[in-house]
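Q: As a plain string of letters, each chain reads:
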Amino acid sequence: MANVDLKGVVKRYGNVEVIHGIDLSVRENEFIVLVGPSGCGKSTVLRMVAGLEAISGGEISIGDRVVNQVSPKDRNVAMVFQNYALYPHMTVRENMGFSLKMRRKSREEMDSRVQEAARVLELEPYLERKPSELSGGQRQRVAMGRAMVRKPDVFLFDEPLSNLDAQLRTQMRMELRKMHMRLKTTTIYVTHDQIEAMTLADRIVILKDGHIQQVGSPIEVFEKPNNVFVARFIGNPPMNILEGVFGVEDGKRFVTVGPSRFPVPDGKGDSLVDGAPMLVGLRPDAIKMGENIERLPKDWWCKGEVVVSEILGGHSLLEIVVDGQNELIAEVEGRVVAHPGEIVPIGFEFDRMVLFDPETTNALS
Amino acid sequence: MKKTLAKICFVLVAAFMLAAPQGAQAKKLSGDLEIFSWWAGDEGPALQALIDIYKQKHPDVNVINATVTGGSGVNARAVLKTRMLGGEPPDSFQVHAGQELIGTWVEADRMEDLTFLFKEQGWMDVFPEGLIKLIGTDKGIWSVPVNVHRSNVLWYVPANLKKWGVDVPKNWEEFIKIAPKLKKEGVVPLALAQNWTANHLWESVALASLGPDNWDALWNGTLRFDSEEGVKAWELFGKVLEYTNPDASSLSWQQATDMVIDGRAAFNVMGDWAAGYMATTKKMEPGKDFGWAASPGTNGEFLFLADSFGLPKGAPHRDNAIAWLKVLGSKEGSDTFNPLKGSISARTDSDLSKYNAYLQSASADFGKDRVVGSLAHGVAANETFMSGFASVMEMFLKTNNAKAAAMACQQLADKAGLGK
Amino acid sequence: MREASLDRLKAFLTLLPSIVLVGVFVYGFIGNTVWISLTDWGGSGSLAVDPQKNYVGLANYAELFTGFLAGGFRQDLVNAVFYSVMLLAGAIGLGMFIAILLDRKPKGEDVLRTIFLYPMSLSFIVSGTIWRWLLAPQGGVNILPTYVGLDPLTFEWTSSTKAVLEFNWQNLFQIMLYVAAFILILVGLWAFRNDPRKALKRWLGPGIVIGAFAWLGGSILPQALFMEETHGFNLATLGIIMATVWQYAGYTMALYLAGFNGISQDLRDAAMLDGASEVAYYRHVAIPMLKPITISAVIILSHISLKMFDIIFAMTGPDNAQTGHPALNMYLTTFRANDFARGAAIAIVLFLVAAMFIVPYLVSQYRQRKRG
Ligand SMILES: Nc1ncnc2c1ncn2[C@@H]1O[C@H](COP(=O)(O)OP(=O)(O)O)[C@@H](O)[C@H]1O
Ligand SMILES: [Mg+2]
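Chains as they are written, first to last, in the working numbering: chain D, 3 to 367; chain A, 3 to 422; chain F, 98 to 469.
Heads up, some of the hints might be wrong.
The calculated lysine to any residue pairs, modelled on SDA-like cross-linking and capped at a C-alpha distance of 20 angstroms, are [to be verified]:
| no. | chain 1 | residue 1 | chain 2 | residue 2 |
| --- | --- | --- | --- | --- |
| 1 | A | Lys400 | F | Leu262 |
| 2 | F | Lys259 | A | Leu243 |
| 3 | D | Lys103 | F | Val376 |
| 4 | D | Lys270 | D | Phe256 |
| 5 | A | Lys417 | F | Ala159 |
Covered stretches of chain F, as calculated for chain A (at least 3 residues, CB under 8 angstroms) [said to hold, decoys possible]:
| no. | region |
| --- | --- |
| 6 | 140-154 |
| 7 | 159-172 |
| 8 | 255-267 |
| 9 | 296-304 |
| 10 | 407-421 |
It should be emphasised that the hints constitute simulated quantities derived from the structure, not laboratory data.
Because the structure is a prediction, the values reported are computed rather than measured.
Ideal Cβ positions, reconstructed from N, Cα and C, are used throughout, including at glycine.
Given these sequences and hints, build the entire structure.
A: Structure (structure tokens):
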């Protein structure tokens with residue numbers, strides 16, 4: 003187990019720079035999730051850590067050893083690929099044992115380690131099968147088993163669950179979590195699925211176009227996004243962003259959105275001056291309805307017209323128009339039965355409001 | 003419209019034919035004539051000269067010159083066989099005179115007897131009697147010989163022999179006596195080339211060892227190969243082989259001849275096409291730049307082979323083919339073809355002034371020598387024997403076991419039905 | 098139900114013309130050849146309009162394998178084995194090696210690929226002629242060393258009369274047992290590491306028993322021939338093997354290169370991370386993965402080697418026992434010696450040898466399809 007440090011890491015393909023100097027410290031035993039839209043460079047970062055891709059600038063160290071010039075097989079990292087990359091001509095047993103065979107481990111050790119991994123991953127009945135004779139989930143587990151038997155310093159995952167159906171994905175996510183709790187191996191996990199990021203990560207790294215947007219715990223990036231990109235990328239449905247103007251009247255700070263005026267709690271947007279334009283971010287679950295609004299101050303209430311409502315089992319999603327122009331998505335507890343066109347009272351948890359600079363789209367402190 | 007035109011033409015032609023002076027040509031020939039041969043390379047011009055004569059005589063015949071290339075006709079014969087089996091014979095085809103023709107085609111009753119043509123053209127008198135015997139059977143004469151080659155010729159360069167201080171050996175004992183001396187000089191005593199030239203050498207050696215009577219007896223089945231004489235022939239051949247070059251099987255016969263020309267070898271036994279090669283290709287003067295003699299121990303014997311053309315039964319244009327055979331056997335045709343091909347005429351009355359020094363001497367020998375048939379070139383034995391003989395030769399080259407080779411030959415002779 | 102049978106009928110009708118054509122022109126003619134090989138069609142009169150053909154059973158085959166005059170055929174058969182083995186080893190080995198080099202994407206890879214593939218587009222007659230010149234005793238390859246100041250080689254590439262690995266045809270059965278034992282033991286040793294028990298029972302045990310039997314009981318085995326007759330690996334075939342390998346290595350290279358390109362980068366990465374060196378990657382991952390390609394290359398090349406004809410004809414001529422091949426022998430026996438029945442028998446022997454290669458393949462394919 004080891005920490006991983008990236009210092010000013012740059013990657014260029016020919017003249018095209020795709021990673022623009024990344025700094026990241028992964029602590030020992032930490033589960034880091036790299037998340038970002040497709041093409042933002044997540045795989046590239048991962049492959050550079052693995053040594054499969056040469057780095058064009060900066061420095062990568064694993065366990066305080068600079069590995070820029072170390073070949074992949076000597077970095078003691080294991081990787082799980084999106085398409086599993088199992089050796090099709092080998093049985094499950096041979097697949098899992100291959101790395102040990104390459105490292106000239108004894109037969110006994112190989113057998114016991116493969117057996118152990120197979121037991122944990124419930125693959126024992128399939129050890130003599132070829133990958134083509136396994137289901138998607140089983141292949142996925144073989145790929146994990148192959149990484150596990152090596153007892154590597156670092157696990158690298160590149161979208162390992164994206165080829166599974168939703169149900170399996172949820173299940174595997176849990177197993178991954180459990181596996182990490184047991185093994186505590188330092189892990190860098192790449193995904194474009196923010197739910198995976200939220201559920202798995204100790205810390206999330208949000209990447210966009212080869213730049214790190216934010217590094218933080220799931221709650222941090224959820225509640226205190228650094229910018230609009232992070233705010234809208236993390237969380238599903240995404241954060242509502244409204245355009246507004248800041249104002250101060252009678253020492254009371256407020257924001258005007260259309261005809262409505264909402265209070266701005268203290269500690270947010272302290273640097274703003276009267277009349278400054280800004281963006282207001284509100285999580286869908288910061289919008290309350292029904293009796294839940296009772297707990298909120300009265301001036302955090304308003305009225306909205308329901309456009310669409312969807313009941314999703316335990317909670318409901320509603321699209322609501324406020325003041326006839328601002329569309330909001332609300333995620334509320336319970337089964338809310340509302341008809342389109344119905345005018346309903348709603349409340350905002352303004353203490354969870356996030357303010358952004360409309361020009362830089364960065365969050366305002 | 004077309005029909006009327008054809009009719010008019012017909013009437014015109016008929017009128018013209020009636021009006022034309024009779025007698026110059028008994029019958030006007032037209033249509034196709036397909037000649038099948040393997041003369042495409044050096045021999046092409048000689049064949050073309052014959053075709054030219056034919057076209058002069060029969061301008062309305064469309065001559066199709068079908069050639070299939072490949073040394074001494076291996077491929078051509080295979081193609082011919084598939085055509086004959088398929089019921090599609092050419093009008094006339096080239097074939098080695100003798101058993102190669104008789105064993106394969108006459109026995110299969112595929113050929114027409116040409117005795118009538120020989121009689122009509124007076125060829126019974128101009129072709130040597132011995133030759134007619136070899137190209138015929140008691141049932142008839144089966145082909146018209148166009149040329150005669152001699153197989154048992156020893157070639158050398160006189161100046162080189164002088165330099166090494168050796169004489170032309172009259173028999174193989176003499177050769178074996180002088181050979182070690184040549185070897186000491188770093189000269190290969192006898193140049194040999196690839197496989198078939200070993201067969202070619204064998205027949206000269208065997209003829210010398212057996213003598214012409216026994217040679218003939220061998221082929222008509224009255225002398226066994228595994229008899230004492232037969233084994234002796236192989237033993238002598240084995241001794242002679244010791245003085246040949248070890249890389250023989252990768253050389254063409256021309257390269258073996260080159261060894262003699264370049265002074266890397268003293269002698270070479272090869273058919274008289276070697277004279278054509280040296281005189282024409284190498285621009286050497288016969289008698290001065292290169293010399294020849296009957297191969298050792300065969301003086302007064304003429305081991306002959308001949309190319310000939312026959313008339314297959316069911317030839318689609320029989321009349322045209324007969325006219326072609328007439329050209330081949332004529333003095334004009336013969337004396338046009340042979341100087342170009344580097345062979346002599348089979349006719350005893352040929353115009354010797356048209357031939358070079360070597361051919362004149364060969365022609366003289368042909369007239370007075372005892373004529374015997376070549377094995378390596380299809381006169382003496384049928385194809386079954388010849389083909390098997392090639393394997394026996396390979397076996398002998400490898401094992402040098404005279405007795406086994408002689409026994410194998412006898413088995414082969416039984417199988418091929420020699421003399422039956 | 099009715100619709101299904103209609104579909105079947107339609108399918109059958111569509112296939113019918115090709116079934117009939119293949120039936121007549123392939124299987125019909127094979128059958129006819131078998132029949133001819135059981136007759137005595139040959140010798141004088143064999144080209145008559147209605148030649149005599151008498152049934153003689155397996156006499157032609159017996160003659161080929163034990164007859165006094167058929168020694169040439171037996172050497173040809175031995176040659177064919179060596180041609181096959183050497184062509185397979187040479188073309189696959191060299192082709193694979195070049196493919197591995199090119200798989201690493203050196204500069205000018207596409208040009209090199211074309212250059213290596215080019216020889217295959219030549220006809221055997223052309224390449225045979227080129228190589229005959231190159232391998233001439235006093236030229237070509239043999240004088241190469243003189244360019245760097247060494248003595249010229251004197252090896253007779255196509256005309257050497259030397260042979261190695263000679264054996265006596267009389268001991269054919271014994272030798273075949275030895276070969277079988279050798280292969281069994283080899284497979285056994287290889288399997289031993291994975292599963293010693295099975296290896297011992299299936300391979301090593303029988304191998305040792307057969308080997309011991311051949312060694313101790315060799316004298317009670319019947320002799321295949323009444324006299325001593327040695328055959329072996331004729332060194333003169335080396336030149337022809339070289340030329341053939343030269344011609345077909347590019348082909349196997351193309352097969353393997355296509356295969357290598359088809360292996361996903363991820364798999365290669367996975368192997369790298371698993372600790373495989375470049376060599377280990379090819380040995381344990383890439384080449385085993387391309388087993389289907391190797392199998393088809395083996396089948397295609399072994400068929401080519403069984404049909405070798407024109408290149409031998411061009412390089413050493415028709416009557417060269419040193420470099421002979423049954424296919425050439427068949428041609429000469431049939432069309433020169435007029436021994437049609439014997440020629441047919443040689444053809445059938447070749448056909449059976451070819452079947453030895455293809456049938457196991459078809460069976461395994463069929464099994465796989467049934468399983469999959
Ligand atoms: N081998 C390559 N050559 C050139 N560009 C590449 C190569 N690999 C990836 N890229 C580019 O780098 C960027 C990041 O790719 P990648 O890391 O695969 O993104 P993702 O975040 O989807 O995993 C993309 O714009 C892609 O086009
Ligand atoms: Mg990716």
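Q: Now, for every hint given, state plainly whether the structure supports it.
A: Hint check:
1. A:Lys400 to F:Leu262: 16 angstroms, holds
2. F:Lys259 to A:Leu243: 17 angstroms, holds
3. D:Lys103 to F:Val376: Distance ~14 angstroms between Lys103 of chain D and Val376 of chain F Cα, so the pair holds.
4. D:Lys270 to D:Phe256: 11 angstroms, holds
5. A:Lys417 to F:Ala159: Between Lys417 of chain A and Ala159 of chain F the Cα gap is close to 15 angstroms, so the pair holds against 20 angstroms.
6. 140-154: With 8 residues in contact (Cβ-Cβ under 8 angstroms with chain A), the coverage given for the region 140-154 of chain F holds.
7. 159-172: holds (count 4)
8. 255-267: Held - the region 255-267 of chain F has 3 residues with a Cβ nearer than 8 angstroms to chain A, which meets the minimum of three.
9. 296-304: Violated, because only 0 residues of the region 296-304 of chain F bring their Cβ atoms closer than 8 angstroms to Cβ atoms of chain A.
10. 407-421: holds (count 7)
Of the hints listed earlier, the one the structure fails to meet is number 9.
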